[in-house]
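Protein sequences appear in the order of chains A and B.
Using this note's numbering, the letters of the first sequence map in sequence onto residues 1 to 313.
Using this note's numbering, the letters of the second sequence map in sequence onto residues 314 to 832.
Worth flagging that the hints you see were computed from the coordinates, not collected in a lab.
Be aware that a few hints might be false.
[Stated by the list, open to error] Pairs of lysine to any residue residues, derived as SDA-like cross-links and limited to a Cα-Cα distance of at most 25 Å, are as follows:
1) B:K575 x A:S160
2) A:K54 x B:K490
3) B:K403 x B:N765
4) B:K806 x A:I149
5) B:K554 x A:S160
6) B:K382 x B:M828
7) B:K364 x A:A35
8) B:K672 x A:M36
9) B:K526 x B:L357
10) B:K346 x A:D169
11) B:K711 x A:I269
12) B:K382 x B:S401
13) B:K554 x A:V181
14) B:K346 x A:L150
15) B:K364 x B:R682
16) B:K672 x A:D33
17) B:K554 x A:L177
18) B:K711 x A:M61
19) B:K364 x B:R637
20) B:K789 x B:M619
21) B:K677 x B:V570
22) B:K806 x A:L151
23) A:K54 x B:S365
24) B:K526 x B:A427
25) B:K672 x A:S274
26) B:K364 x B:N439
27) B:K677 x A:A35
28) A:K3 x A:L301
29) B:K580 x B:F831
30) B:K411 x B:T456
31) A:K54 x B:N502
32) B:K554 x A:F159
33) A:K54 x B:K440
34) B:K440 x A:A35
35) B:K364 x A:V30
[Said to hold, decoys possible] According to the in silico footprint, chain A covers these stretches of chain B (three or more CB under 8 Å from chain A):
36) 345 to 357
37) 695 to 707
Using N, Cα and C, we set each Cβ at its ideal position, and we do this for glycine too.
Take a look at the letters that make up each chain.
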Amino acid sequence: MLKYVLKRLGMAIPILIAVLTLVFIIIRIVPGDPAMVVLGDQASAEALAALRTKMGLDVSMLEQYFTFLFGTFRGDLGTSLLSGRPVLGEVMTVLPYTIDLTIAGVVIGIVFGVPLGVLTAVYRNSVTDYIIRVFSLFGLSFPAFYSAILLILIFSIQFSWFPVISDPDLSNYGQRLRHLVLPAVNLGLIMVAYITRSTRSSMLEVLREDYVRTAKAKGVPRLVVITRHALKNALIPIVTVIGLYLGVLIGNSVLTEIVFNRPGLGKLILDALSERDYPLLQGVMVIYAFIIVVVNLITDLTYGFVDPRVKNQ
Amino acid sequence: MRQRKGLFCIFLAAIVVCGLSFSSPVFAESVLKIGTLSNDANQLDPHISTKSQDKILFPWIFNGLVRFKPGTADLKQIEGDLAKSWESSKDGLTWTFKLRKGVQFHGGYGECTAEDVIFSLNRASNKETSTAYKGYGDFASVTAPDKYTVKIVLAKPIPSLLGMVTNYHGGYIVSKKAVEKLGDNFKTNPIGTGPFAFSEYQSKRQVTLVANKDYFRGAPKIDKIIYRYLPDEASRELAFKNGELDLIYGTREQRWVERMRKDKGTKVDIIGLGELRTLHMNASRGPLKDIRVRRAIAYAVNRDEMVAFVGQDVAQRSVSVVPRGYLGYSSDVPLYKHDVAKAKALLKEAGYPKGITLKVIITKVASLRVPMEVLQAQLRKAGINLDLEVVEHSAFHKLIRQDASDLVLYGAARFPVADSYLTQFYLSDSIVGTPTAITNFSHCDVADNEINTARSEADPAKQLALWKIAQQKILKQSCTVPIFEQLIVWARKANLDYGFKMENSLSNGPIINEMTSFK
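The shape of chain A in the complex, shown without the other chains:
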């Protein structure tokens, strides 16, 4: 098991290098100048040049690249050009918010998505099926920023249940939870839609299997057939989807974080990009890529728990 985990983590290194290289190149192709972001539009060309030297941006691209690459593997992600704080510190400040939001989004997705998916599969082609399918399609195609504003208008402005600015004090758990509700629901809506659809198709396949018919014929109660016999076997593709979309979810959180003004990795990436804060952007991408790799690994390991056949392999 440990060997497998280490092997998988080892495989992540070339992925990380590829991601780092791509990020490094792409951000430098897009025009923009961090020195101007710092000094503003009244700065003279001389002042800008001096600051670029101070920021280490006047050395060759290759030198910058290798400094960044070796630094990363030494665990030094550099310093933010704008705030002057270590990149790792910047990431760690916002990481708990992203973790809260992502986990809450996934939990909402699973809690609502799996039962709804089962329901639509069991009652396929019924009115219930059609209604849920239409809603899940709606959830998939509804822009996150729009649903966020709707949620704010209803639950913050109309009912004053939740704050518009979702920026809690992390040590105050009550506040943390209250500030989490609307962003999590917003993000969870997409996850519910994804999980409902994949649960439905996976369940439909399993429900057609012979052993399900046999169980039914044997007189096993319907609920037991659905939950123990069918759902358990339909879980593997669902776990895959959850694993896959967990990555997507972190990306999707950008819009949610912006509308709710919630600190987080997504917002950090966007800020770093608009300010041309190269080290911060590179650092966040490293962390982001690492998280995706770990999430994929966890997904693979989860198969073992869901399906003993995978564990034995």
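Following the hints, put chain B in place on chain A, whose structure we already have.
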């Protein structure tokens, strides 16, 4: 089944915890919650940052030797700040300031003395530590005859010495001890003498200021200011409506202003001095080398239509290449009246009877992009087609400084003296692409003599005359088309009272001081 019950209990407990946190505790302290633009502070060092989100904070934290009367940006209404009195020699080259005694810096950094003033002005004139250094180039010496007296000697007269020591940019007085002790950290831990003291900076979230109870004009009535970075306009407005914010940076649109005004609990402040939106025509590129083509563009622009589009309350028609209200601006200049027929005739005369196509790079930021789209429609009527390339804001700034755009629509507010605007936008030293470049996008060089002579002219009347000639020459040469002045919009809760009439501000935001309170 037992598991399910457990889950239900957890869910119920979560709701209870949630519910408990609804009842927010009642605080006796008076907290002003502000939602500002942008996603983060840039640098909280007043000598370095020229960014709006930072500039707004500086007059709350720092003082100058003198200051603009709160709510104004008029050089004629300057009053004492850290200096209680001042005098100048007849030739205007020697200035002596008498400081107030006992003014304390925040955070226990001691009394503000002449030593701090000398340090601050020297720091402001050093290009390593200040972006305002060019304005202090003619300071020959800054000395202290005693602990509370500062003597400034100029190498030659400058447009407004008082302007250079006011509560703006390089004029802010910082604590010498704090800068030396904090070093690079000063930019996130500013120490001044103002009504509010810096308390905490949370990256990409907020800055907290607390009342300076020892403020020399009296303790502020507001105890704390929470200045939040909320880049999204919609959520800023929603948080304001939900009572989470008391004062917000508004959207500079007529519709928004009218909508907010309808709410009885809200007051909208439209603040000058405006940002002048100017269309700079790059005379080093293609057909624009021909003055007739540039003049055709000037004739094709319809200022009245533009102001009507942007909104009568939030925009005003430009009067010159220098914004109105600046010392030295003149409306006695040749502005070309909208005349499409003349524009077409000029194009034909220049050899373009079928019209021209120009490449224009524009930011995706709406306050510039939308007016550029209006201009595109206006110019099309005269046969001038604009090939717009919309880019990200940071890329826009970089590309326009590389001479990559035929036309540059730019909005800017500067220190309200004609010299600052003329020097940065129309002096040949400031042409983009040169080592001393600032923002001369048009490559205009027709008024160098007047701009440079006016800067050190001791006679105010002659100085005004030179600035007027400079403005006339720039427009005659059709270097640019000044279009409209965009005003700044803020919305506040009706019970928030500044304590004075808020008309103009150089900081892009309202002045919050010891007089500001909740009614």
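Verification of the hints:
no.	hint	verdict
1	B:K575 x A:S160	21 Å, holds
2	A:K54 x B:K490	24 Å, holds
3	B:K403 x B:N765	22 Å, holds
4	B:K806 x A:I149	22 Å, holds
5	B:K554 x A:S160	11 Å, holds
6	B:K382 x B:M828	13 Å, holds
7	B:K364 x A:A35	13 Å, holds
8	B:K672 x A:M36	24 Å, holds
9	B:K526 x B:L357	22 Å, holds
10	B:K346 x A:D169	16 Å, holds
11	B:K711 x A:I269	21 Å, holds
12	B:K382 x B:S401	21 Å, holds
13	B:K554 x A:V181	20 Å, holds
14	B:K346 x A:L150	24 Å, holds
15	B:K364 x B:R682	20 Å, holds
16	B:K672 x A:D33	22 Å, holds
17	B:K554 x A:L177	22 Å, holds
18	B:K711 x A:M61	18 Å, holds
19	B:K364 x B:R637	22 Å, holds
20	B:K789 x B:M619	22 Å, holds
21	B:K677 x B:V570	22 Å, holds
22	B:K806 x A:L151	24 Å, holds
23	A:K54 x B:S365	24 Å, holds
24	B:K526 x B:A427	23 Å, holds
25	B:K672 x A:S274	24 Å, holds
26	B:K364 x B:N439	19 Å, holds
27	B:K677 x A:A35	20 Å, holds
28	A:K3 x A:L301	13 Å, holds
29	B:K580 x B:F831	13 Å, holds
30	B:K411 x B:T456	12 Å, holds
31	A:K54 x B:N502	21 Å, holds
32	B:K554 x A:F159	12 Å, holds
33	A:K54 x B:K440	13 Å, holds
34	B:K440 x A:A35	14 Å, holds
35	B:K364 x A:V30	22 Å, holds
36	345 to 357	holds (count 4)
37	695 to 707	holds (count 4)
Consistency with the previously given hints is maintained throughout, with no hint failing.
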